[in-house]
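As you go down the protein sequences, you meet chains A and X in turn. Under the working numbering, read the first sequence as residues 1 to 504, first letter to last. Under the working numbering, read the second sequence as residues 505 to 1008, first letter to last.
Please note that a few of the clues may not be correct.
[Said to hold, decoys possible] The calculated label-pair distances, taken between Cβ atoms and stated as ranges, are:
(1) A:Lys251 x X:Gly784: 40 to 46 Å
(2) A:Asp103 x X:Gln620: 50 to 56 Å
(3) A:Arg7 x X:His739: 37 to 43 Å
(4) A:Glu208 x X:Ala633: 53 to 59 Å
(5) X:Ile610 x A:Ala170: 58 to 64 Å
(6) A:Thr77 x X:Ala550: 29 to 35 Å
(7) A:Glu60 x X:Val618: 52 to 58 Å
(8) A:Glu80 x X:Gln620: 37 to 43 Å
[Stated by the list, open to error] Not close to chain X: a few residues of chain A, all C-beta gaps over 12 Å, as computed:
(9) Asp127
(10) Asp409
(11) Val448
Calculated from the structure, these hints are not laboratory results. All residues carry an ideal CB built from backbone N, CA and C; glycine is no exception.
There are 2 protein chains.
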Amino acid sequence: MRKETERLIALDREHTLLAHIGAVLGWDQETYMPEKAVDERAEQLALIEGLAHDKAVSPEIGELLRKIEGAAEHGQTKLEPAEAAFLRVLRKEYDKETKLPADLVIEMARETSVSQAVWAKARAGNDFAAFAPHLEKVIALNRRMAACLNPAAKPYDVLLDLYEDGATEASIGKVFGAMRKELVEILGKIRSRPQVDDSFLHKPVETEKQEKISKLLMDALGYDRKRGRLDTTAHPFTTTLGGDDVRITTKYLVDYFPSSMFSTIHESGHALYELGIAPGPEFSGTRLADAASMAIHESQSRMWENMIGRSKGFWKRRYSTLVELAAPALDGVGIDAFMRGINRVEPSLIRTEADEVTYGLHVILRFEMESALISGSLAVKDVPEAWNAKMKELLGVDVPDDGHGCLQDIHWSMGSFGYFPSYALGNLYAAQFMDTMRREIPGLDAAVEEGRLDVPLAWLREKVHAPGATWLPGELVKKATGASLDPSHFTAYLRRKYGEVYGF
Amino acid sequence: MRKETERLIALDREHTLLAHIGAVLGWDQETYMPEKAVDERAEQLALIEGLAHDKAVSPEIGELLRKIEGAAEHGQTKLEPAEAAFLRVLRKEYDKETKLPADLVIEMARETSVSQAVWAKARAGNDFAAFAPHLEKVIALNRRMAACLNPAAKPYDVLLDLYEDGATEASIGKVFGAMRKELVEILGKIRSRPQVDDSFLHKPVETEKQEKISKLLMDALGYDRKRGRLDTTAHPFTTTLGGDDVRITTKYLVDYFPSSMFSTIHESGHALYELGIAPGPEFSGTRLADAASMAIHESQSRMWENMIGRSKGFWKRRYSTLVELAAPALDGVGIDAFMRGINRVEPSLIRTEADEVTYGLHVILRFEMESALISGSLAVKDVPEAWNAKMKELLGVDVPDDGHGCLQDIHWSMGSFGYFPSYALGNLYAAQFMDTMRREIPGLDAAVEEGRLDVPLAWLREKVHAPGATWLPGELVKKATGASLDPSHFTAYLRRKYGEVYGF
Chain A
1 MRKETERLIA
11 LDREHTLLAH
21 IGAVLGWDQE
31 TYMPEKAVDE
41 RAEQLALIEG
51 LAHDKAVSPE
61 IGELLRKIEG
71 AAEHGQTKLE
81 PAEAAFLRVL
91 RKEYDKETKL
101 PADLVIEMAR
111 ETSVSQAVWA
121 KARAGNDFAA
131 FAPHLEKVIA
141 LNRRMAACLN
151 PAAKPYDVLL
161 DLYEDGATEA
171 SIGKVFGAMR
181 KELVEILGKI
191 RSRPQVDDSF
201 LHKPVETEKQ
211 EKISKLLMDA
221 LGYDRKRGRL
231 DTTAHPFTTT
241 LGGDDVRITT
251 KYLVDYFPSS
261 MFSTIHESGH
271 ALYELGIAPG
281 PEFSGTRLAD
291 AASMAIHESQ
301 SRMWENMIGR
311 SKGFWKRRYS
321 TLVELAAPAL
331 DGVGIDAFMR
341 GINRVEPSLI
351 RTEADEVTYG
361 LHVILRFEME
371 SALISGSLAV
381 KDVPEAWNAK
391 MKELLGVDVP
401 DDGHGCLQDI
411 HWSMGSFGYF
421 PSYALGNLYA
431 AQFMDTMRRE
441 IPGLDAAVEE
451 GRLDVPLAWL
461 REKVHAPGAT
471 WLPGELVKKA
481 TGASLDPSHF
491 TAYLRRKYGE
501 VYGF
Chain X
505 MRKETERLIA
515 LDREHTLLAH
525 IGAVLGWDQE
535 TYMPEKAVDE
545 RAEQLALIEG
555 LAHDKAVSPE
565 IGELLRKIEG
575 AAEHGQTKLE
585 PAEAAFLRVL
595 RKEYDKETKL
605 PADLVIEMAR
615 ETSVSQAVWA
625 KARAGNDFAA
635 FAPHLEKVIA
645 LNRRMAACLN
655 PAAKPYDVLL
665 DLYEDGATEA
675 SIGKVFGAMR
685 KELVEILGKI
695 RSRPQVDDSF
705 LHKPVETEKQ
715 EKISKLLMDA
725 LGYDRKRGRL
735 DTTAHPFTTT
745 LGGDDVRITT
755 KYLVDYFPSS
765 MFSTIHESGH
775 ALYELGIAPG
785 PEFSGTRLAD
795 AASMAIHESQ
805 SRMWENMIGR
815 SKGFWKRRYS
825 TLVELAAPAL
835 DGVGIDAFMR
845 GINRVEPSLI
855 RTEADEVTYG
865 LHVILRFEME
875 SALISGSLAV
885 KDVPEAWNAK
895 MKELLGVDVP
905 DDGHGCLQDI
915 HWSMGSFGYF
925 PSYALGNLYA
935 AQFMDTMRRE
945 IPGLDAAVEE
955 GRLDVPLAWL
965 REKVHAPGAT
975 WLPGELVKKA
985 TGASLDPSHF
995 TAYLRRKYGE
1005 VYGF
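Make a model of the complete structure from these sequences and hints.
Quick look at the structure:
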């Protein structure tokens, strides 16, 4: 390895250490910090973020990158694949941090701080008109940002690429287009059938019992608690405080115990990914040891939560233990009724509460609207009408007010455009990984039924987790599955599963 | 305020933020951090300490200090008292951080790292000879350090001053000399009387019950849990994670519940001090908002633990609640028997387990030995013999081996000389504060009996806590009590209290 690369690794490791320190401060804030500490904690976080930013934009990084890139271009040096990948990741981050002029960064921070506050009030009061001028400004700032980062590309492509490296509106539009038609059709079939009963899932289960169930599930998944832990917060999340310190949180709803159960599996899926990243000791603690993308991250949480955690094979040998631990909530409920209950589909207004089938439709709606807003083909004032029409078209539901409609998500007020697709792409990646795994490991389903979850985990670690950010998400899926991302894996999975649940 | 001072305040606040961030990392490490995260956490801590050091030794601080000091000296500027105090504190810290040559700092770090490891093994194996050459080196390094910091002063004076600003061997020797004679005499009286029974304190009390007792005590003391919290660790401690975030820990011994009870009161005393420091908003978050000294800190923990927490007035209205919460451990034990039990005196080999009467004798022994070691009048090879002779003279006990003798404390192996006196000075300050409080607040004892602990707390906040590091400890005690430190307050308190417990 070139000595310039070695120096870049050392610089990048300090940046990672600062990011992890920030994560410790953030985790503590959400879990155990006393109430009145909040103001100084904000200052502490701002200081660490400032220091991390200073490290990330150090001119030394720019000079070293230019030097190696120049030598490689002129054929004076040959880069190892991992070294080349590290330099690609670092270059992208460095450009992102340095190409935006300071006044734009400051304006974005100021405007999104205001627009988030306005959005929260507007959502509560169903007052889209109050939010509209701020949405206008945030969109304009996003267009400026895209132009700074890559003036040659379509603005929405630049924004998508920030979250899903290498993705474009066309590439995502293609897979979402195929998925859209299928999901609408599957949903139609489900709606033609009688609804399943899940009333038993709403019987009270005390917090202590739910905590036991969550810890059992973490252990079942092979989440090493010497490298992580479970706590409770208002909103469940996963956070990386160190290469050997990835923690999750959950929330216990006494009247709906599946919430903590599946959020624990979901977050454990994220944690297993983070803990499995291992692009080689030379690159530990660098950004090459980060996730490939947000969508790949979601593929891991959703695979464990839905494709494994909501499958009959997973519960076959565990269900009796669950019945005991949740007693008396599931007394007299057979495993088949339980399976139908936890896989109930019900079109609803709110994305974050959506099931596996309708979730993708919520995301497609946002993707189509974001694209139109950034290109200018949709005017901000027309957002509520367009939103409500799409909800009717895709999900068949009537939106009663903007608080339950176009004002429900915080993302746009935060200045995030291009993030939503990751949520749905995760499902698609997950189904394609599952099908490949099943093909390559003939005994996979039997192993899962026997409780040997180390079998799928070992495959995922090798094919998906270990490389970290070595490959672009599009390259990763090709290397792991032999093909480009293909939404038919996901829709075939839905047809199989929900055909059984709803009997069609 | 001069603009240079304002700049120094801004610089010092960043240093404090980094120190608090380090405290968050440290607290998490002791409480909730997963086991395997330890290596990276050490790197994170080293990074933060390095950044804090860089801030502390910034040449800008030196220049600003010189500028203001020069102007003040030539009568060109008049400093406000708080401003002058802040500059004094900053100057002392700056000198401490910058006057030591790098090679000495590195050698000290290297040697103490080795000597701690050797000490741990030597203690376990009662092998003083193995530790002796390292103790020699650490003493030599301490002498060099003292010579760098202040070549004109006696080396042990320089070391003492690091922990107790303004203290000298002569000033401490004077108060310890008076205390020594008294303590030996009081202990003699106690030993002439029948020992009290405390067997009921060893009855099992479950952890959950002890936790309830601890939380009740925190609330009773007025420790605001919106600005702090209680957790469990191997060794109890108090740590400041922010101006409004001071946390304590305790440890539950099922077979000796007074341990958690009094350690919670002790640490709450430290926390109340930290939370009460308020030298004015201009100086919040600076080193002027630090404690006056370690001894003043100990005065607060020991006053609450021993003088209030082990007094009959404190328990009068609370004892029945304790009996209920600890049931059945205290069933049939009256308050007078309980008071005798929790105030039992028993000379023992180990300082950290010592009671209020013998603790000071343990400290005097170390003070006398440190002084002799640093001056060279005691050779390292003669330490065990000198230790054992002093133990016999002061406490009347025979030391069976060096592990229970001169090898029991970690301090010397860590390079700390001059710290021990703080432990005993705390008791002396506390007794003098108590006597002054009682004189100034005629209803004090009645208020404590009624459970109104806000009465002593308000006095302490105003007289002791609020100034922070504004005054040297010696000045603080004069301002708060009208007199210099006088050990007779403490010894009179012991005579009163233990005369009652042991009936002499």
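Structure-based check of each hint:
Take A:Lys251 and X:Gly784: their Cβ atoms lie about 42 Å apart, and the range 40 to 46 Å holds. Judged by the Cβ atoms, the range 50 to 56 Å given for A:Asp103 and X:Gln620 holds: they are separated by roughly 52 Å. At about 41 Å, the beta-carbon gap between A:Arg7 and X:His739 stays in the expected band of 37 to 43 Å. Taking 53 to 59 Å as the suggested C-beta distance range, the pair A:Glu208 and X:Ala633 conforms, at roughly 54 Å.
At about 59 Å, the CB distance of X:Ile610 to A:Ala170 agrees with the hint of 58 to 64 Å. Hint check: A:Thr77 to X:Ala550, Cβ distance near 33 Å, so the stated range 29 to 35 Å holds. Distance hint for A:Glu60 and X:Val618: a CB-CB separation of about 35 Å, inconsistent with the stated range 52 to 58 Å. Taking 37 to 43 Å as the suggested C-beta distance range, the pair A:Glu80 and X:Gln620 conforms, at roughly 41 Å.
The beta carbon of A:Asp127 is kept farther than 12 Å from every beta carbon of chain X, the shortest such distance being approximately 33 Å. No Cβ of chain X comes within 12 Å of the Cβ of A:Asp409; the nearest lies about 31 Å off, and the non-interface call holds. The Cβ of A:Val448 lies farther than 12 Å from every Cβ of chain X, with a closest approach of about 27 Å, so its non-interface assignment holds.
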